Amino acid sequence: MQYIFLIYGDESEGGSSSPDEMAKSMQEWGDYTQYLKDKGYHLAGEALHPTHDATTVRVRDGKTITTDGPFAETKEQLGGFYLVDCPSLDEAIEASAKMPVGPDGSVEIRPIMLFDEEGQPSS
Amino acid sequence: MLGDFDIAEDAVQEAFAQAMRVWPERGIPDNPGAWITTTARNRAIDRLRRERTLREKTAQLGVVEALESLGGDETDVSGIPDDRLRLIFTCCHPALRMDARVALTLKTLGGLTTGEIARAFLVPEPTMAQRLVRAKHKIRQAAIPYRVPPAELLPERLPGVLAVLYLVFNEGYAATTGPLVRTDLCDEAIRLARLVVTLMPDEPEIRGLLALMLLQHSRRDARTDPLGTMILLEDQDRARWDHAMIDEGLAILDGALAARRPGPYQLQGAIAALHARAPRPEDTDWPQIAALYDRLVDTSPSPVVELNRAVAIAMADGPERGLALFAPLEDELDEYHLFHAARADLFRRLGRNDEAAAAYRRALELVTNPRQRAFLQRRLAEAEPA
Chain X
-19 MQYIFLIYGD
-9 ESEGGSSSPD
1 EMAKSMQEWG
11 DYTQYLKDKG
21 YHLAGEALHP
31 THDATTVRVR
41 DGKTITTDGP
51 FAETKEQLGG
61 FYLVDCPSLD
71 EAIEASAKMP
81 VGPDGSVEIR
91 PIMLFDEEGQ
101 PSS
Chain L
422 MLGDFDIAED
432 AVQEAFAQAM
442 RVWPERGIPD
452 NPGAWITTTA
462 RNRAIDRLRR
472 ERTLREKTAQ
482 LGVVEALESL
492 GGDETDVSGI
502 PDDRLRLIFT
512 CCHPALRMDA
522 RVALTLKTLG
532 GLTTGEIARA
542 FLVPEPTMAQ
552 RLVRAKHKIR
562 QAAIPYRVPP
572 AELLPERLPG
582 VLAVLYLVFN
592 EGYAATTGPL
602 VRTDLCDEAI
612 RLARLVVTLM
622 PDEPEIRGLL
632 ALMLLQHSRR
642 DARTDPLGTM
652 ILLEDQDRAR
662 WDHAMIDEGL
672 AILDGALAAR
682 RPGPYQLQGA
692 IAALHARAPR
702 PEDTDWPQIA
712 ALYDRLVDTS
722 PSPVVELNRA
732 VAIAMADGPE
742 RGLALFAPLE
752 DELDEYHLFH
762 AARADLFRRL
772 GRNDEAAAAY
782 RRALELVTNP
792 RQRAFLQRRL
802 AEAEPA
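If you're matching them up, the sequences are chains X and L in order.
Residues -19 to 103 (the working numbering) make up the first sequence, in order.
Residues 422 to 807 (the working numbering) make up the second sequence, in order.
Bear in mind the hints are in silico, worked out from the structure with no lab data behind them.
Just so we're clear, the structure is a prediction, and the values are computed from it rather than from any experiment.
Treat the hints loosely; a few may be bogus.
[Unchecked claim] DMTMM-like cross-link-like pairs, simulated, lysine to aspartate or glutamate; straight-line CA separation at most 25 Å:
| no. | chain 1 | residue 1 | chain 2 | residue 2 |
| --- | --- | --- | --- | --- |
| 1 | L | K559 | X | E(-7) |
| 2 | X | K19 | L | E573 |
| 3 | L | K559 | L | E546 |
| 4 | X | K55 | X | E(-7) |
| 5 | L | K559 | X | E98 |
| 6 | L | K559 | X | E97 |
| 7 | X | K19 | X | E53 |
| 8 | L | K559 | X | D11 |
| 9 | X | K19 | X | E88 |
| 10 | L | K559 | X | D(-10) |
| 11 | X | K78 | X | D11 |
| 12 | X | K55 | X | D(-10) |
| 13 | X | K78 | X | E56 |
| 14 | X | K78 | X | D41 |
| 15 | X | K17 | L | D520 |
| 16 | X | K19 | X | D33 |
| 17 | X | K19 | X | D70 |
| 18 | X | K43 | X | E53 |
| 19 | X | K17 | L | E546 |
| 20 | L | K559 | L | D623 |
| 21 | X | K4 | X | E53 |
| 22 | X | K78 | L | D504 |
| 23 | X | K78 | X | E(-9) |
| 24 | X | K55 | X | E1 |
| 25 | X | K19 | X | E(-9) |
| 26 | X | K19 | X | E74 |
| 27 | L | K559 | L | D608 |
| 28 | X | K55 | X | E(-9) |
| 29 | X | K19 | X | E97 |
| 30 | X | K19 | L | D663 |
| 31 | L | K559 | X | D65 |
| 32 | X | K19 | L | E577 |
| 33 | L | K559 | X | D18 |
| 34 | L | K559 | X | D96 |
| 35 | L | K559 | L | E577 |
| 36 | X | K78 | X | D96 |
| 37 | X | K43 | X | E56 |
| 38 | X | K78 | L | E573 |
| 39 | X | K4 | X | D(-10) |
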C-alpha cells in the first residue's frame, strides 16, 4: 500500500533556532529518512518552503486568478511530505509516529489512489 | 537481477520497444546495452509494484468480504475463533471513529441488524447504514490490517476493544427492543471476552470485564416473569440465579483483583459480586457498594455512574439522602428513562405517591423496551390513587 505522510506544524516556530539546534534537527530528519529507507518504505520525501512563498492558482471562467499565499490560512501548515510503500496502515502509523515533528507537529496519513492500465482505480 | 523470469523477459521486450520509439528521435545512447538494462529494470520495478498493489488491494477485499460474510446473518454465531478475534481488532481499529467501531462490531460480530444498531445509538437507520459503509470503505482503502496486533501494540489497542465488548453486552443485558434480555448477544460478548482473556492473560481489566459479564448474566432467568415482564433485583428469586456462573465470575474477579491494578471494569465487577454474594436482598452490603461507586466516580466519571452511586447511597442511608443527589444530574439525564424510574422508586419507598406517579409517567415517555414498559405501567398503576 502506498501512503503519503503530510507533515503539519506551526511554521512560525523554529525560526529562532541556533545553528546547533538546526544541525541537530537536520540530523534527526536525516536519520528518519534513513530509517524509512532501511525499512524499505521510502519512495520519496521533500521539505517545503514556508507558506509565505506559496502561490495559489484558480481558473474561473477561463481566467487564471493567482493569489499570494496558501490555499487556506490555518494554524498549522503543510511543511513537507514523504511518499511511502508499506504493508498496512499499522506500519504507516508506526512509521509516522517516529517522525521528529516535535511536540506540536502532526502527520496526516492518506492512502494513495492507484490506477490500473485502463485508468480505473485499482480496487 | 529480478528473480521473476517472466517479468524480466517482458520488461526487456518493453525496453526494446521503447528503444525503437525513442532512439530515432533522440539518437542512439552512448551505451545502448546499459540503456536497455536500466529501462528494462525500471519497467520491471513498475510492474512488480503494480502487481503488489493489486495483491494488497485483493487482500483488503478479503477483509471486507470476511466482514460481510460474518455480519450478514443475524443467527450466524459460528465461525472460527481466530477469525473473529482478527475481525474484532479490525473493527476496533483506532483509525476508525469510535461510533463506527462499535457499530461495525455489533454488525459483524454481534449479529445486530443496521436498524437495531441505529436504535441503540438513537440515529436514523440511513445514517447508521452510511456510517457502516464509510467504515468498510476506509478499512479497504486505507488498508487497515486484518490481524491481531503484535504484542507491542496490544496495550494501546485493548481499551477500545473492551469498550466495544461492554457495549455489545449491554445491548444484550437490556435490549433496546423485543425481549428484555437478548441472551445471544450476552453469550457472544462473553465468548469474545473469553477469547481476549486467552490472548492477554496478564491484563486484569479484561478478566474484570469477563467477571462483570458473568455475574450480571447469571441472573438472566430470574430477571423476567413468565410473561417476560422485568423483575427488579430485590424481588428476584435468587434460587433461579445461575450459581455455577456466579462461582466462575467470582473466581475470575478474585484472580484479576490479585494483580492489584484496579480499573473501571474490575470495580463494576466487584459491585456485581457484592450483589451475587448476598443470599437475601437485605444482606446486600450497600455501604460497600456505595464506596465502590465513589471510586468509580473518581476513575471514570459519568452522569450514569453518579446516578448509580446515588441509588446505592439511598439504599445504604435512606431514600432522602439519595434523592438529594439526583437533583444535580437532572439536566444531563433528563432523557434517560432509568433516571426517572430510579427517582420514582425512591418516591415510592417514601410513600410520596404523586411524585412517584409523575416520575413513572416521564420514564414511560422515554422507555423503548416493551418489557420495561410493562413493569413501569404496573408501578404507575400502584402509585396512582384508585
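Evaluation of the provided hints:
With a CA separation close to 34 Å, the supplied pair K559/L and E(-7)/X exceeds the 25 Å bound. For the hint pairing K19/X with E573/L, the CA-to-CA distance comes to about 18 Å; that is within 25 Å, so the pair holds. As the CA atoms of K559/L and E546/L are separated by approximately 20 Å, the hinted pair is consistent with the 25 Å bound. Taking the CA atoms of K55/X and E(-7)/X, the gap is near 11 Å; set against the 25 Å cutoff, the hint holds.
With a CA separation close to 24 Å, the supplied pair K559/L and E98/X stays within the 25 Å bound. A C-alpha spacing of about 24 Å is found between K559/L and E97/X, which places the hinted pair at or below 25 Å, so the restraint holds. Of the pairs offered as hints, the one joining K19/X and E53/X is violated, with about 35 Å between alpha carbons and a cut-off of 25 Å exceeded. Restraint check for K559/L and D11/X: the C-alpha separation of about 31 Å exceeds 25 Å, so the hint is violated.
For the proposed pair K19/X and E88/X, the alpha carbon gap of about 20 Å is at most 25 Å, so the pair holds. For the hint pairing K559/L with D(-10)/X, the CA-to-CA distance comes to about 29 Å; that exceeds 25 Å, so the pair is violated. Of the supplied pair hints, the one linking K78/X and D11/X holds, its CA atoms being roughly 11 Å apart against a limit of 25 Å. A distance of roughly 7 Å separates the Cα atoms of K55/X and D(-10)/X; the hinted pair therefore holds under the 25 Å criterion.
A hinted pair counts as satisfied when its Cα atoms are at most 25 Å apart, and K78/X with E56/X qualifies at roughly 19 Å. Of the pairs offered as hints, the one joining K78/X and D41/X is violated, with about 45 Å between alpha carbons and a cut-off of 25 Å exceeded. A hinted pair counts as satisfied when its Cα atoms are at most 25 Å apart, and K17/X with D520/L does not qualify at roughly 37 Å. Taking the CA atoms of K19/X and D33/X, the gap is near 33 Å; set against the 25 Å cutoff, the hint is violated.
At roughly 14 Å between alpha-carbon atoms, K19/X and D70/X fall within 25 Å of each other, so this suggested pair holds. The suggested pairing of K43/X with E53/X holds, with an alpha-carbon distance near 23 Å, which does not exceed 25 Å. In summary, the hint linking K17/X to E546/L is not supported, as the alpha carbons are separated by about 47 Å, beyond the 25 Å threshold. A C-alpha spacing of about 32 Å is found between K559/L and D623/L, which places the hinted pair above 25 Å, so the restraint is violated.
Between K4/X and E53/X, the direct Cα distance comes to roughly 29 Å. Violation of the 25 Å bound is thereby established for this hinted pair. As the CA atoms of K78/X and D504/L are separated by approximately 31 Å, the hinted pair breaks the 25 Å bound. Simply put, K78/X and E(-9)/X have alpha-carbon atoms about 20 Å apart, close enough for the 25 Å limit, and the pair holds. Of the pairs offered as hints, the one joining K55/X and E1/X holds, with about 23 Å between alpha carbons and a cut-off of 25 Å not exceeded.
Straight-line distance between C-alpha atoms of K19/X and E(-9)/X comes to about 29 Å, which puts the hinted pair past the 25 Å bound. Restraint check for K19/X and E74/X: satisfied, since their Cα atoms lie roughly 12 Å apart, inside the 25 Å limit. This hinted pair does not check out: K559/L and D608/L have alpha carbons roughly 29 Å apart, beyond 25 Å. Distance check on the hinted pair: K55/X and E(-9)/X sit about 9 Å apart at the alpha-carbon level, within 25 Å; holds.
In summary, the hint linking K19/X to E97/X is not supported, as the alpha carbons are separated by about 29 Å, beyond the 25 Å threshold. For the suggested pair K19/X and D663/L, the alpha carbons sit about 54 Å apart, so the restraint of at most 25 Å is broken. A threshold of 25 Å between alpha carbons decides the hint, and for K559/L with D65/X the separation of about 18 Å falls inside it, so the pair holds. Restraint check for K19/X and E577/L: satisfied, since their Cα atoms lie roughly 23 Å apart, inside the 25 Å limit.
A C-alpha spacing of about 28 Å is found between K559/L and D18/X, which places the hinted pair above 25 Å, so the restraint is violated. A C-alpha spacing of about 20 Å is found between K559/L and D96/X, which places the hinted pair at or below 25 Å, so the restraint holds. At most 25 Å may separate the alpha-carbon atoms for a hinted pair to count; K559/L and E577/L meet this at roughly 21 Å. This hinted pair does not check out: K78/X and D96/X have alpha carbons roughly 32 Å apart, beyond 25 Å.
For the proposed pair K43/X and E56/X, the alpha carbon gap of about 30 Å is over 25 Å, so the pair is violated. The suggested pairing of K78/X with E573/L holds, with an alpha-carbon distance near 15 Å, which does not exceed 25 Å. Restraint check for K4/X and D(-10)/X: the C-alpha separation of about 19 Å stays at or below 25 Å, so the hint holds.
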